[in-house]
Amino acid sequence: MTILKAVIRSVLAGVVAGALGASAAQANSGDTLAAVKARGEVLCGVHPARHGFAAPDSQGKWSGFEVDFCHAVAAAIFGDASKVRFVALSSQQRFPAIQSGEVDVLARNVTATLSRDTALGLNFSPPIFYTGTGFLVRKDDGITKVEDLDGAAICMAPGSTTERNVAQIFAARGMKYTPVVIENNKQLVDAYVTGRCDALTKDKAALPGVRAVDTENPADHVLLPGIYSKEPLAMAVRQGDDQWYDLIKWVVYATFNAEEMGVGQANVDEMKASTDPDVQTLLGVIGDNGTKLGVGNTWAYDIVKQVGNYKDIYMRHFGPDSPVALDRDQNVLWTEGGLLYGLPMQ
Amino acid sequence: MTTASSQTRLVTAAYDPLARMSAADWLKRNLFSSVWQTLLTLVTAAVLLRFFWFVLDWGVINAVWVTSDPDVCRAATGACWAVIVEKHRPMLFGLYPYDEHWRLVLMMVIYLVTVVVSLMPRNWNLRFLVPLWLVAAVSIGVLMFGGVLGLRYVPTSEWGGLPLTMLLFTGTVLFGMPVAVLLALGRRAPLPVARGVSVVFIEALRGVPLITILFVAVNVFPLFLPAGVQVDKLLRITIGIAIFFACYQAEVIRGGLQAIPRGQYEAAASLSLTYWQTTSRIILPQALRICLPAITNHIIAAMKNTSFVIIIGLFDILTATTAVMQDPLWRKFYVEAYLFVAAVYLFFGYALSLYARKVEKWIASGRI
Chain Y
22 MTILKAVIRS VLAGVVAGAL GASAAQANSG DTLAAVKARG EVLCGVHPAR
72 HGFAAPDSQG KWSGFEVDFC HAVAAAIFGD ASKVRFVALS SQQRFPAIQS
122 GEVDVLARNV TATLSRDTAL GLNFSPPIFY TGTGFLVRKD DGITKVEDLD
172 GAAICMAPGS TTERNVAQIF AARGMKYTPV VIENNKQLVD AYVTGRCDAL
222 TKDKAALPGV RAVDTENPAD HVLLPGIYSK EPLAMAVRQG DDQWYDLIKW
272 VVYATFNAEE MGVGQANVDE MKASTDPDVQ TLLGVIGDNG TKLGVGNTWA
322 YDIVKQVGNY KDIYMRHFGP DSPVALDRDQ NVLWTEGGLL YGLPMQ
Chain D
3 MTTASSQTRL VTAAYDPLAR MSAADWLKRN LFSSVWQTLL TLVTAAVLLR
53 FFWFVLDWGV INAVWVTSDP DVCRAATGAC WAVIVEKHRP MLFGLYPYDE
103 HWRLVLMMVI YLVTVVVSLM PRNWNLRFLV PLWLVAAVSI GVLMFGGVLG
153 LRYVPTSEWG GLPLTMLLFT GTVLFGMPVA VLLALGRRAP LPVARGVSVV
203 FIEALRGVPL ITILFVAVNV FPLFLPAGVQ VDKLLRITIG IAIFFACYQA
253 EVIRGGLQAI PRGQYEAAAS LSLTYWQTTS RIILPQALRI CLPAITNHII
303 AAMKNTSFVI IIGLFDILTA TTAVMQDPLW RKFYVEAYLF VAAVYLFFGY
353 ALSLYARKVE KWIASGRI
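Residue numbers (my numbering), protein chains in the order written: chain Y, 22 to 367; chain D, 3 to 370.
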């Protein structure tokens, strides 16, 4: 029986590896865009339920920051931001889904890393959201920086990059901590709220929501300033289709550059009359950027008009009025000291 | 064995000490017979009272029933049933386009009527049931997919909620039961090939978790298909769950087959009935009757197993609720939302067991 199992396992492994190899070879330059155009919609892999990034609203409509980037891709290709079909993917499913071609693009809280870029056969867009490990603590405890957490009990989810990051952060400072590892998100948050641990660590983007919603009195809790690890979230596509990769990349840059040029959803029509050649190029008044990318020449205009520039998108989901209000931190333009740097669109 | 059980029955019928007992006697005898018993009774009563008081206090007295303002719920000390009123549509119907929800309501009505009608013994007649199910399947298909009769087309990726749970469950049982019967027969078949295939199939699939099968159906299977060929994800998943269900159910049915005395086979053979005649007229009807409780058990488990699709991002009622409860304004009241989902599962699960009990009675009285 054991021998039989071993044989079955090795045969299966070989078949899967072979199939993976075959499908990786399927992505040839131009294939994806042609398939998307023929289908009439972009298949976009998103998180099934992460408010702010991607979650169905009360009407069952997808809404969120990453959802809007999917809309931006559709706007660029079809001039119609609604031509997206969202595929909800669990974290185990997301990479097989993009590898097998079940989705055209992944905008699902994916941290861009070297091994994912190479071993998983992906290509990453410029990061659309910079985040990292953050800590939420009680104000009364007088903790103001991560160094004050020596010996603390820290609540965290298992198997996450956060777990590894915390270990590194503490090891680098020669400090000790007691991990309280809880799988279920709700129980994890409750464990912190009820005082089982001194600090809750999570992706920094998730902590303001926890503070605002799950704590009895949000004012009693503070987020430690600073980000203690690198978690650049990016869109991902399959390796091998350079044209498709270029398009995704420039959709992201277009949202950065539009913000930098002061072109937003509110004023994009007026800006069309601008005499600035950069703005004219962006909006397709002059030049043929769209043709070079294989889409219509007003692609960037359509993105800004229908979805918005980076700031529009950010403020829609994380702005001060949103229940999960989030400071932009590093997610501001390079001209304001942030990390968003759109390459020139000449 | 037989003598022992008939003796027991005789004794109970002749002498029933409880029949003439007064309430006080009963209490003394059962609850307060010794100091230790009295103590236990009092502690249990205290715990139960406290629990029921909590349920009443939290769930009824201090509960908020209707409000569209989450702050009203936050201010209350009791349950926030308003969250269900507020969010019932995305919970029940998932990602299906909001304006088209009436189609799902209609679909569920058709579905439930069809199922209830099919479960009544007086309708057990293929000439009636087959057309009924065809009509039901076509109208449900038209309603769910649309694209004809002026209905908007809705791809399966947008299906969700309770209708999806129902479809997954029905697909599982409808595909799975015939496969289960064939596998069970195959495992006991005179042909070594059929036996071998059945054993390997059952053992291989029974030995892996359902989650693995779902992952294979969703992630691995598409890799084997030639480029451009797509098999609908929902179909793949339904078949995956159905096959898993069939492997377990086959073993249950095999148990029933083994309980049939040899004499039945020999009697059929002496009448020169063929294998299929023997199986379909003599053996299976008896075997299925014997293992009905176990079959029901497994069907109820299959209904709840559909919730496993949460890990592959299909928006059944449980995934939809989880997603809806991400809304930061209402997130606090997830317990109430999950209680609602539990009630939905309980309703269908309990209806199934009630029906199965009825069927057992019918069998005992020789009605079927």
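Note that these hints are calculated values from the structure, not bench results. Keep in mind it's a predicted model, so treat the numbers as computed, not measured. Possibly wrong hints are sitting among the right ones.
As the list claims (entries may be wrong) - What the simulated footprint calls covered on chain D by chain Y, stretch by stretch (three residues with Cβ under 8 Å from a Cβ of chain Y suffice, anywhere in the stretch; the number is not a length): (1) 23-29; (2) 84-93.
Said to hold, decoys possible - Here are a few chain D residues that face chain Y, going by a calculated C-beta distance under 10 Å: (3) Gly61; (4) Glu160; (5) Val220; (6) Pro224; (7) Gly315; (8) Leu331.
Claimed, not checked - Far from chain Y, by Cβ distances over 12 Å, these chain D residues were calculated: (9) Gly162; (10) Phe226; (11) Pro287; (12) Ile314.
We put the beta carbon where it would ideally sit given N, CA and C, even for glycine.
The hints, checked one at a time:
1. Counting residues of the stretch 23-29 of chain D whose beta-carbon sits less than 8 Å from any beta-carbon of chain Y gives 0, not enough to reach three: the coverage restraint is violated.
2. With 4 residues having a Cβ less than 8 Å from any Cβ of chain Y, the stretch 84-93 of chain D passes the three-residue criterion, so the hint holds.
3. Against a cut-off of 10 Å between C-beta atoms, the interface hint on D:Gly61 is violated, since the closest Cβ of chain Y lies about 20 Å away.
4. A distance limit of 10 Å between C-beta atoms decides the matter here; for D:Glu160 the minimum to chain Y is near 8 Å, and the interface restraint holds.
5. A hinted interface residue such as D:Val220 counts as satisfied when its beta carbon comes closer than 10 Å to some beta carbon of chain Y; here the least separation is about 7 Å, so the hint holds.
6. For D:Pro224, the suggested interface contact is upheld, since its CB lies about 4 Å from the closest CB of chain Y, less than 10 Å.
7. Interface restraint check: D:Gly315 against chain Y, minimum CB-CB distance 4 Å, threshold 10 Å, status holds.
8. Satisfaction of the interface hint for D:Leu331 is found here, the shortest Cβ-Cβ separation to chain Y being roughly 6 Å, below the 10 Å cut-off.
9. Separation of D:Gly162 from chain Y is inadequate, the least Cβ-Cβ distance of about 7 Å not exceeding the 12 Å criterion.
10. The beta carbon of D:Phe226 is not kept farther than 12 Å from every beta carbon of chain Y, the shortest such distance being approximately 6 Å.
11. Listed as outside the interface, D:Pro287 is consistent with that label: its C-beta sits roughly 35 Å from the nearest C-beta of chain Y, beyond the 12 Å cut-off.
12. A beta-carbon of chain Y is positioned within 12 Å of the beta-carbon of D:Ile314; the least distance is around 6 Å.
Going through the hint list in order, the structure does not satisfy hints 1, 3, 9, 10 and 12.
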